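Colleague: Chain by chain, the residues run as shown.
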Amino acid sequence: MPEQIAVTVNGRHVAVSSGTTVAAAVILAGAHCRTSISGEPRGPLCGMGICFECRVEIDGQRHQRSCQIVCSEGMQVSTSE
Amino acid sequence: MNSGQKEFDVLVVGGGPAGMAAAVSAAESGASVGIVDDNPQLGGQIWRGEVQNCESEASRWFERLCASNANQLCGMRVIDQPGLGVLRAEGCKGFCDLSYRKLVLANGARERFLPFPGWTLPNVMGAGALQALVQSGLPVQGKRVVVAGTGPLLLAVAAYLRKRGAEIVLICEQASRSSLAKFGLSILSQRQKIGQALSLRKDLSGIRFFTNCWPVAAGGDGILQAVIISHGNEVEKVACDYLACGFHLVPNTELAALVGCAVKDGYVDVDDFQQTSIPSVFCAGEPTGIGGVELSLIEGQIAGLAASGKNKASQKLFSMRTRLQKFATRLDRGFALRPELKKLALPETIICRCEDVTYGSLKKYTSWRAAKLQTRCGMGPCQGRVCGPATEFFLNWKPDSVRPPVFPTILENLAAMPCQPEQSHSGAMRGPQ
Numbered sequence: 001m002p003e004q005i006a007v008t009v010n011g012r013h014v015a016v017s018s019g020t021t022v023a024a025a026v027i028l029a030g031a032h033c034r035t036s037i038s039g040e041p042r043g044p045l046c047g048m049g050i051c052f053e054c055r056v057e058i059d060g061q062r063h064q065r066s067c068q069i070v071c072s073e074g075m076q077v078s079t080s081e
Numbered sequence: 001m002n003s004g005q006k007e008f009d010v011l012v013v014g015g016g017p018a019g020m021a022a023a024v025s026a027a028e029s030g031a032s033v034g035i036v037d038d039n040p041q042l043g044g045q046i047w048r049g050e051v052q053n054c055e056s057e058a059s060r061w062f063e064r065l066c067a068s069n070a071n072q073l074c075g076m077r078v079i080d081q082p083g084l085g086v087l088r089a090e091g092c093k094g095f096c097d098l099s100y101r102k103l104v105l106a107n108g109a110r111e112r113f114l115p116f117p118g119w120t121l122p123n124v125m126g127a128g129a130l131q132a133l134v135q136s137g138l139p140v141q142g143k144r145v146v147v148a149g150t151g152p153l154l155l156a157v158a159a160y161l162r163k164r165g166a167e168i169v170l171i172c173e174q175a176s177r178s179s180l181a182k183f184g185l186s187i188l189s190q191r192q193k194i195g196q197a198l199s200l201r202k203d204l205s206g207i208r209f210f211t212n213c214w215p216v217a218a219g220g221d222g223i224l225q226a227v228i229i230s231h232g233n234e235v236e237k238v239a240c241d242y243l244a245c246g247f248h249l250v251p252n253t254e255l256a257a258l259v260g261c262a263v264k265d266g267y268v269d270v271d272d273f274q275q276t277s278i279p280s281v282f283c284a285g286e287p288t289g290i291g292g293v294e295l296s297l298i299e300g301q302i303a304g305l306a307a308s309g310k311n312k313a314s315q316k317l318f319s320m321r322t323r324l325q326k327f328a329t330r331l332d333r334g335f336a337l338r339p340e341l342k343k344l345a346l347p348e349t350i351i352c353r354c355e356d357v358t359y360g361s362l363k364k365y366t367s368w369r370a371a372k373l374q375t376r377c378g379m380g381p382c383q384g385r386v387c388g389p390a391t392e393f394f395l396n397w398k399p400d401s402v403r404p405p406v407f408p409t410i411l412e413n414l415a416a417m418p419c420q421p422e423q424s425h426s427g428a429m430r431g432p433q
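Protein chains in written order, with the numbering used here: chain A, 1 to 81; chain B, 1 to 433.
Don't take every hint at face value.
[Said to hold, decoys possible] FRET-style restraints, in silico, Cβ to Cβ:
1. B:182 x A:8: 50 to 60 Å
2. B:228 x A:39: 21 to 31 Å
3. A:35 x B:400: 22 to 32 Å
[To be verified] Facing chain B, from chain A, some residues (calculated, C-beta under 8 Å):
4. 16
5. 17
6. 21
7. 36
8. 37
9. 40
10. 41
11. 43
12. 47
13. 49
14. 51
15. 68
It should be emphasised that the hints constitute simulated quantities derived from the structure, not laboratory data.
Nothing here was measured: the structure is a model prediction, and the numbers come from that model.
Virtual Cβ for every residue (Gly too), placed ideally from N, Cα, C.
Start from the sequences and build out the full structure, keeping to the hints where you can.
Modeller: If you want it as structure tokens, here you go:
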């Protein structure tokens, strides 16, 4: 059984297994990642750090690509919901 | 924040099969080697999460790499060339300057996305993208997935997702049955590929698979709920939770162009030793032509050996490369995009997702540059990596020159960087000769 890690997405608690990326945690939390300039909700497109659609705020740092960052215990993620 | 400098005989950019093979070959030849990759772990896209999976081919290369004392720099992306023989990489702790005598670019490919109405909805993503997300922790047990687009990647992705408990509702391949049949016959000459094809066929048994079929729209209320597909003369609405959709691959040539390497017909131009137009720079894997993991491994080894002065040893691999390159040519022919797909986007369809630029507002321009200046198409954080290949297919626009930084960087790092000589901003700059 892989180790469980607790993070929050927009204040909601989400438990993920170790090695899970922030992008996967955001989808698990039922959130989208960013809101486009015309107001559309967006989620990951490329899954490999190129498209920048999965940008979220992680522990106060904005514009982090959630598909390239692995969850760590207590991480606070906020998306532009 | 400056987090230092490192020096290597051979610096490898990209930690997929080509990069790992290059780093192993160079390090085992006695060179001091650094291998830098944007991802948190080595393996690239195809071997994501597999390097620690014992018995896999990925783990065998990874073990050799770890035994070789090559310096692994993960979570670092190369953003600039601040001077001759130096690349600047940025990570979460700031930036680092990596000096090299020889450089091997093995920074892979990305999926080609073709915009259609609804493609910007959350849960519409690349085929490789959904696989990568599942490999990095997204459960898909019981989720309904439509896999669409073109290329052998679709089948591999569908088989993987099914193994992880997803319900593959449908696979849509845009190529015709006859071009697939030709491709199928052509790979009969390669034993390894036949084995892969047969095992995929078993893994995919019972799944609806259409050729001549592609998505024309995706719909849903803030999130994907259904996709409309075109199949022959019919249109069908298919309910699903995810649409995994990619139209084959596009080589990543931006970094090669920044360093000054010649790019020909969309691929980095290399000689028999995988050497680019700049003698100190080598390139291996998908940036030189989309050919898959076996070809990438051979090209990586040739580049790694040649970069560490072992030309003779690298020559022994030339015939194997020639054989594998034939497969790449067949791949291009078998999965060529059909002209009907040029009509996928409607005037209101967003083409540039970063800046929300629609197809209608782009069509009045005649070039990529004019459209960029007037509409901001391609000016967002992806720097045209998504909309560039789409406008190339829809409108025959050619991509522009590359400027640093090749990836967005944070202002704090930019401010901390020492003043750069004027020449580093020229795409025509040459590395050490």
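Colleague: Would you mind marking each hint as holding or not holding in the structure?
Modeller: Against the structure, the hints:
1. B:182 x A:8: 50 to 60 Å: holds, 53 Å
2. B:228 x A:39: 21 to 31 Å: Because 24 Å falls inside the window, the suggested range holds.
3. A:35 x B:400: 22 to 32 Å: holds, 28 Å
4. 16: holds, 6 Å
5. 17: Nearest chain B Cβ about 6 Å off; hint holds.
6. 21: Holds - the Cβ of residue 21 of chain A comes within 8 Å of chain B, reaching about 4 Å at its closest.
7. 36: holds, 5 Å
8. 37: For residue 37 of chain A, the interface hint holds, since the closest Cβ of chain B sits about 5 Å away, which is under 8 Å.
9. 40: Because about 6 Å separates residue 40 of chain A from the closest Cβ in chain B, which is inside the 8 Å limit, the hint holds.
10. 41: Because about 5 Å separates residue 41 of chain A from the closest Cβ in chain B, which is inside the 8 Å limit, the hint holds.
11. 43: holds, 3 Å
12. 47: It holds, given that the least Cβ distance between residue 47 of chain A and chain B is near 3 Å, below 8 Å.
13. 49: holds, 5 Å
14. 51: holds, 5 Å
15. 68: holds, 6 Å
Every hint from the earlier list agrees with this structure, and none is contradicted.
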